[in-house]
Amino acid sequence: MPPAASEKVVDDLPVEVQSWIGQRRYTQLGEFDVERGYIFTSCASVQNGNPLYWDEKAAEVITGGPIAPPSMISVWFRPHYWSPGRSEEALALQLHFDLKAQLELPEAVMTDNTIIFHEPVRVGDRLRTTQILRSVSALKKTKLGTGRFWVFDVEIENAQGELCAVETYTGFGYRKE
Amino acid sequence: MSWPGIRFEQIEVGDELPELRVEVTPSTVVLGALASRDWRPMHHDKDFAQNRNGTRHIFINTPHNAAYFERYLTDWAGPLARIGRIQFRMQDSVFPGDTMVFRGRVEKVEVDDADCGWVEVAILLSVQDRVTTQCSARVALPRAEDDNPWRRRGEAWRPAPTATP
Chain R
118 MPPAASEKVV
128 DDLPVEVQSW
138 IGQRRYTQLG
148 EFDVERGYIF
158 TSCASVQNGN
168 PLYWDEKAAE
178 VITGGPIAPP
188 SMISVWFRPH
198 YWSPGRSEEA
208 LALQLHFDLK
218 AQLELPEAVM
228 TDNTIIFHEP
238 VRVGDRLRTT
248 QILRSVSALK
258 KTKLGTGRFW
268 VFDVEIENAQ
278 GELCAVETYT
288 GFGYRKE
Chain H
35 MSWPGIRFEQ
45 IEVGDELPEL
55 RVEVTPSTVV
65 LGALASRDWR
75 PMHHDKDFAQ
85 NRNGTRHIFI
95 NTPHNAAYFE
105 RYLTDWAGPL
115 ARIGRIQFRM
125 QDSVFPGDTM
135 VFRGRVEKVE
145 VDDADCGWVE
155 VAILLSVQDR
165 VTTQCSARVA
175 LPRAEDDNPW
185 RRRGEAWRPA
195 PTATP
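In order, the protein sequences belong to chains R and H. The first sequence begins at 118 in our numbering and counts up one residue at a time. The second sequence begins at 35 in our numbering and counts up one residue at a time.
These are calculated hints, taken from the structure and not from any lab test. These numbers come from a predicted model, not from an experiment. C-beta atoms are modelled at their ideal positions from N, C-alpha and C, and glycine is treated no differently. Please note: incorrect hints may appear among the correct ones.
Said to hold, decoys possible - Calculated lysine to aspartate or glutamate pairs in the DMTMM-like style (CA-CA distance at most 20 angstroms, straight line): (1) 174/R with 154/H; (2) 258/R with 129/R; (3) 258/R with 126/H; (4) 142/H with 154/H; (5) 293/R with 79/H.
Said to hold, decoys possible - Residues from chain R that face chain H, not an exhaustive set, calculated with beta carbons under 7 angstroms: (6) 135; (7) 162; (8) 165; (9) 169; (10) 179; (11) 188; (12) 192; (13) 228; (14) 229; (15) 232; (16) 233; (17) 259; (18) 260; (19) 263; (20) 293.
Sequences are here, hints too, so could you generate the full structure?
Structure follows, in C-alpha cells:
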C-alpha cells in the first residue's frame, strides 16, 4: 500500500525501511494491568497532588472510579526489564530501535512528543498498542551528530477496543561526529 | 460536592499560570525514569550518558517531562480539568543541578460544537533562563457547576479537532 499523504518517503532510505512507512507493526498486549502502585509512584515523582489519584471518593465522583494520570499512558506498555525465559532486554517502542539498527545510527534521543487523550485509562485495564512509522528524514547534521529524524505513532486501546490515546514521537537517530 | 480548581468562564486569553520551580537532583531523574518504567541507561547511568549520548549527565526522560506538564496544568486548573492533547518539543535536556522553571500562558479559549469549553495553554520550561522544552496543551474545563469534562464520551469528547500547531 503506498504511504498516505501525511507519510513521507525519502529517496535514499533503504527499501526495507521505506516499506515500514504506514505499516501497523508490533501490536502487543501490555505485560501487566494498570495498577495504583505505579500511579502513586508516578505522582510522587513529580509531586502531583491531584485528588483524582489520591482520594478514592474524588475519583468515584469525578471519573466514575480510579483512573491513571493521562501522562502515564506509555507506562502501561513498557515491558519488564527481565522476565522468566527472556534472554534479551525487551524494548518499548521497538520500531525506534529497529530504525536505529537498520539505518546504522547507534545513538538516539526523542525530540518531540504529542499525546491525544481519548477514553481514560482505568485501574485494572490491560492496554493493547500498535506502532506505525509515519516518516523518516534525509540525513541532517545537528549538535549531537549526523543522523535522521523519524516520526512514529503509538495507538493505545483498552480491552474493549476503545481508543485511549495516540502518541506521536519524533526520534533522532545519529552517529556522533 | 465542590472541588478546587477553575471554571472555563473564569479564564481569558493572556492569563498566566503561577510559576513552578523544581530543583533537579539525580534522584529526581532516576525516580522519574523508574516511575515511567524507562530502563534506558542514559536516565540512571552517568558514564553511559556522557560516553554514549555525549551529554554532561543523566537527563530527564520523555514521560517524566509529560508528567511534570500534567502536574503543572492540574495544579492550576484542578481535578475537573481534563487534558485533551499535550505536545512538547525538547530542545535541550534537563540535568541534575538544574532548576526547572515552568511558566504558562493561556493562548486561546473556545467552546466546541459539543459545548465543551477548551483552553489552549503554552508552557515554557526553562533552566537558568534557557528554554529547554516548549509545550502546548489543550485542556477542557467545566463550564458550569454541574459540568464535568470527564463525563464526556464519543462525539462529546473532541480532544484534537484540528491539526496540531
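Structure-based check of each hint:
Of the supplied pair hints, the one linking residue 174/R and residue 154/H is violated, its CA atoms being roughly 29 angstroms apart against a limit of 20 angstroms. Restraint check: the Cα-Cα separation between residue 258/R and residue 129/R comes to about 16 angstroms, which is no more than 20 angstroms; the hinted pair holds. Restraint check for residue 258/R and residue 126/H: the C-alpha separation of about 16 angstroms stays at or below 20 angstroms, so the hint holds. Note on residue 142/H and residue 154/H: the hinted pairing holds, with a Cα-Cα distance of about 5 angstroms set against a maximum of 20 angstroms.
Between residue 293/R and residue 79/H, the direct Cα distance comes to roughly 19 angstroms. Compliance with the 20 angstroms bound is thereby established for this hinted pair. The beta carbon of residue 135/R comes no nearer than 25 angstroms to any beta carbon in chain H, farther than 7 angstroms, and the hint placing it at the interface is violated. At about 4 angstroms, the closest approach between the beta carbon of residue 162/R and any beta carbon in chain H falls short of 7 angstroms, and the interface hint on this residue holds. With a cut of 7 angstroms, the hint placing residue 165/R at the interface with chain H holds, because the nearest CB-to-CB distance is about 4 angstroms.
Taking 7 angstroms as the C-beta contact cut-off toward chain H, the hint placing residue 169/R at the interface holds, the least distance being around 5 angstroms. The criterion of a C-beta within 7 angstroms of any C-beta in chain H is met by residue 179/R, whose closest approach is roughly 6 angstroms, and the hint holds. A least Cβ separation of about 4 angstroms between residue 188/R and chain H falls short of the 7 angstroms threshold, and the interface hint therefore holds. For residue 192/R, the interface hint holds, the least distance from its beta-carbon to any beta-carbon of chain H being 5 angstroms, beneath 7 angstroms.
For residue 228/R, the interface hint holds, since its Cβ comes within 7 angstroms of a Cβ in chain H; the closest pair sits about 6 angstroms apart. The beta carbon of residue 229/R is positioned within 7 angstroms of a beta carbon in chain H (closest approach about 5 angstroms), and the interface hint is therefore held. A cut of 7 angstroms between beta carbons decides the hint on residue 232/R: the least distance to chain H is about 5 angstroms, and the hint holds. Checking residue 233/R against chain H by beta carbon gives a least distance of about 5 angstroms; that is within 7 angstroms, so the hint holds.
A least Cβ separation of about 11 angstroms between residue 259/R and chain H goes past the 7 angstroms threshold, and the interface hint is therefore violated. Among the interface hints, the one on residue 260/R is violated; its C-beta lies about 9 angstroms from the nearest C-beta in chain H, farther than the 7 angstroms criterion. Hint status for residue 263/R: violated, given a least beta-carbon distance of 13 angstroms to chain H, over 7 angstroms. For the restraint placing residue 293/R at the interface with chain H, the shortest Cβ-Cβ distance is roughly 6 angstroms, inside the 7 angstroms limit, so the hint holds.
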